[in-house]
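Q: Take a look at the letters that make up each chain.
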Amino acid sequence: MSADASFFQWVAFIWEQNWPLFLRGAGNTLLIALTGTIIGFIIGIIIGVIRTIPVDHNTTTLKKGILKVADILLLCYIEVFRGTPMMVQAVVIFYGVAMVYGIHLNPISAGIVIVSINTGAYMAEIVRGGILSIDKGQFEAAHAIGMTHTQTMTSIILPQAVRNILPATSNEFVINIKDTCVLSVISITELFFNSKSAAGANFRYFETFLITCIIYLIMTSTVTRILRWLEKKLDGPSVYTIHGSQTVPEAQFRIVDGGKLHG
Amino acid sequence: MKRTRTLLLAAILVLGLLITAVGCSSSDQPGGDPAQSSDTGQNEVFNVGLECGYAPFNWTQLDDSNGAVPIQGTQEFAGGYDVEIAKIIADGLGRELVIVKTAWDGLVPAVQSGTIDAIIAGMSPTAERWKTIDFSDHYYKSDLVMVVKKGSAYENATSIQDFSGAKVTAQLNTFHYTVIEQIEGVEKVPAMEDFPAMRVALESGIIDGYVSERPEGVSASTANPNFVMVEFAPGQGFEASDDDVAIAVGLKKGNPDREKINEILAGISEEQRLTLMDNAIANQPSAE
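Residue numbers (numbering that gives the first Met the number 0), protein chains in the order written: chain A, 0 to 262; chain B, 0 to 287.
One should not assume that every hint holds.
One-sided and incomplete, this derived list gives chain B residues near chain A with beta-carbon spacing under 8 Å [to be verified]:
#1 Leu61
#2 Asp62
#3 Gly66
#4 Gly105
#5 Gln271
#6 Ala281
Simulated from the structure, these hints should not be mistaken for lab results. Ideal placement from N, C-alpha and C gives every residue a C-beta, glycine not left out.
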């Protein structure tokens, strides 16, 4: 490569020389960010459901006690993992576990665990917000017909709450794709670490990081698109007839042979 | 109520499974369980931590040319002066060399926790670092230089005092950063995370120069014609103790291998060191 080559010639040359480095790094980034966010989402849902278990005068003292303890523990978890940087968590968990217990975790698995519990702490609050956004009347109606808290959650509240928190979840995905770059301290060769290696070898920084930028943008925009599509799918068609409506002729109940009701 | 308890139980189970899953996958790792091997007194592997991004001391490459060693958990290879020294030490100890690519800030906690056995990453045995980890004898000694942009006012500097009023920085947590204060009237820019960051800062004009060591300076200025290395006349350069300008192998406090490693290092002649460094400078990826 001649010294007077243009900026874009350098970009092309660096890509040609290092593309496996970039792609493997991007692979690790995606693996950790996506798995971590999905597990974090599940942790968030579980915590959100536990933290919204209703307490009333019928609740036994034992259950009240358990709920109180669970609530305090979960609150501690959320405060600690939401309130400290992920890089610090990575160093403390990965090297701390090795130092105190002599357990040497696989870096990638450790990375997934760290991203999961970190995202779980954020998602717990996002899910709680989603559950609280559902009208209180729906909880009361569900309880009035004898549904348990789990039934209320799985059949009535969560399907609506999850739809409402999808935009926030999309944020978490994007943030995690970018934030996994701090995991290089625990030997994870993700995209940014590998880009730094490439730049450290060829001494061409802007050119190398331009490629890195493009790869990050492709990853984040793809994930955003997929979640946008999921949102649309969950919304269903925008034109529909209300079941059993008395003002729309097609939706009226009709008695047919055999006495079955048809919409 | 029963449902609630089932749910709680399920949540605990899921978390438990998660932890077990991690435990399982960690034991699958090829040759990556230094604690277990040291517990049983076997120690067949020698885990060495480095950044693989500080040419010519260490770098990442895609094939095993010029004696590069595979990086654990990746498909890439590590080459450079540090890697050559690591190979000699591992040979001398009769253990298999494993290269663990770790960011600079992760190296000290990694060696303290036993995740790696040694840091061979161009690290200087400064007094501050001695407080937390042990070091072997020196395996390289270099001079401090300044890397500046070509055509800048500082290109022809001969004394560090010529940098009065210049914006100068160095790598975070290195002694390079502390010596900047020897320049009177210098504008000390906050330390940067690593060399890539400083080179970007220099190229974009955020800083006028960064403190470095000769091999890095030679490599940077050969690879990128926009950079010039400034060497200082004797007595006009930075004052630093031998421990600061030399580099050594970082080890966990009380590591019993220290004596043995010192013996091995003593067996490498000054000529051999120079040859290894010259080869590293010639073989680094940017020299192609």
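Q: Are the hints correct? Go through all of them and say.
A: Okay, the hints, checked on the actual structure:
1. Leu61: Constraint on Leu61 of chain B satisfied, holds at 6 Å.
2. Asp62: 10 Å, violated
3. Gly66: With Cβ-Cβ at 16 Å, over 8 Å, it is violated.
4. Gly105: Nearest chain A Cβ about 4 Å off; hint holds.
5. Gln271: Where the cut-off is 8 Å and the nearest Cβ of chain A is about 24 Å from Gln271 of chain B, the hint is violated.
6. Ala281: 14 Å, violated
When the structure is compared with the earlier hints, violations turn up for hints 2, 3, 5, 6 and for no others.
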